[in-house]
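Participant: Protein chains in written order, with numbering that gives the first Met the number 0: chain A, 0 to 212; chain B, 0 to 92.
The set of hints was computed from the structure by calculation and includes no laboratory data.
The beta-carbon is built from N, C-alpha and C at its ideal position, and this holds for glycine as well.
Heads up, some of the hints might be wrong.
Unchecked claim - Okay, the calculated bits of chain A under chain B, using three or more residues with CB under 8 Å as the criterion: (1) 24-35; (2) 77-84; (3) 88-95; (4) 110-121; (5) 176-183; (6) 203-210.
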Amino acid sequence: MAKTTTMAEPFVENPELLGRVPLDLAGKNRIYGFWVFLAGESTLFASFIGAFLALRHQVGDGPGAQDLFSLPLVAVATVALLTSSLTTALATHALQKGSLRGVQRWILVTTILGEIFLGIQAYEFYEYMLHYGFGFETSAFSSAFYTLVGFHGLHVSFGLFWLLSLLFNSYLRNGISEELGSRIFVASLYWHFVDVVWVIIFSIVYLMGILGV
Amino acid sequence: MAKSDAGTKRLLWWTAFMLILTAIAFLAVGFGWLPPSPLVILLLALAAIQVVLQLAVFMHLDASPRLYAFTYGVGLMFAVVFAVSVMILSWAY
């Protein structure tokens, strides 16, 4: 039966190992399986990035990247998402220390930063569609752009729901079992992966787009 | 406790470093520090450094069992092959 902990009682004998070496076979398998999943996700995103790179100049009668993209807006979104990587890592650190409140606090901050990112992306898409007539079917460039960036946004949304459900679960139990602990670690891996993809997207899609190359 | 604080400091430093790399990328594009071709190389180099840092520092791939890194490495090789294949397939002249 999984142990449950509160602030006073850390749930691992050797907390420094958690997050690096899972405690049981199920935890190990969960984390290894997740790396296999991330390898598959990388392939999927790479395909979308490849399509975007091939189609980025096929704008037809629609606007191009230089007409659309706003550097300050993308910068704010990027800072929000990169900072959320730190807060997720701090949540994992709090997990290692067996600090329930620390885990809850940092997951909450992560979700707030994720919501800021999604809010900016929703505003960005709204602006493009309303003021520039840049819809999904406007051009090959628009299709490739919305598929890649929208798919990443969906991943962020999924990550948010995942983290919120873990947060809710920890409040409900008022503790973190070993199983929930490894689930939080896997969710943090997912969130960092979403950040990795964003680093590639803002470099290739936005910054190179603004340059016009 | 001291070890844990050192871990937190390490995370803060790496995050600050990544934010600085990001700032360099944005400022280089915003102020046109370089001609487009070298700037693209700089952007890709900065992105590559950040990806490696995310994988190593935040996702602990450097301290994980080698099987994890091997599996993900194989995935990345497929990712590159897929990206290049899709680029070739989608190329419009």
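Participant: Each hint: holds or not?
Facilitator: Hints, one by one, checked against the model:
| no. | hint | result |
| --- | --- | --- |
| 1 | 24-35 | holds (count 4) |
| 2 | 77-84 | holds (count 5) |
| 3 | 88-95 | holds (count 4) |
| 4 | 110-121 | violated (count 0) |
| 5 | 176-183 | violated (count 0) |
| 6 | 203-210 | holds (count 5) |
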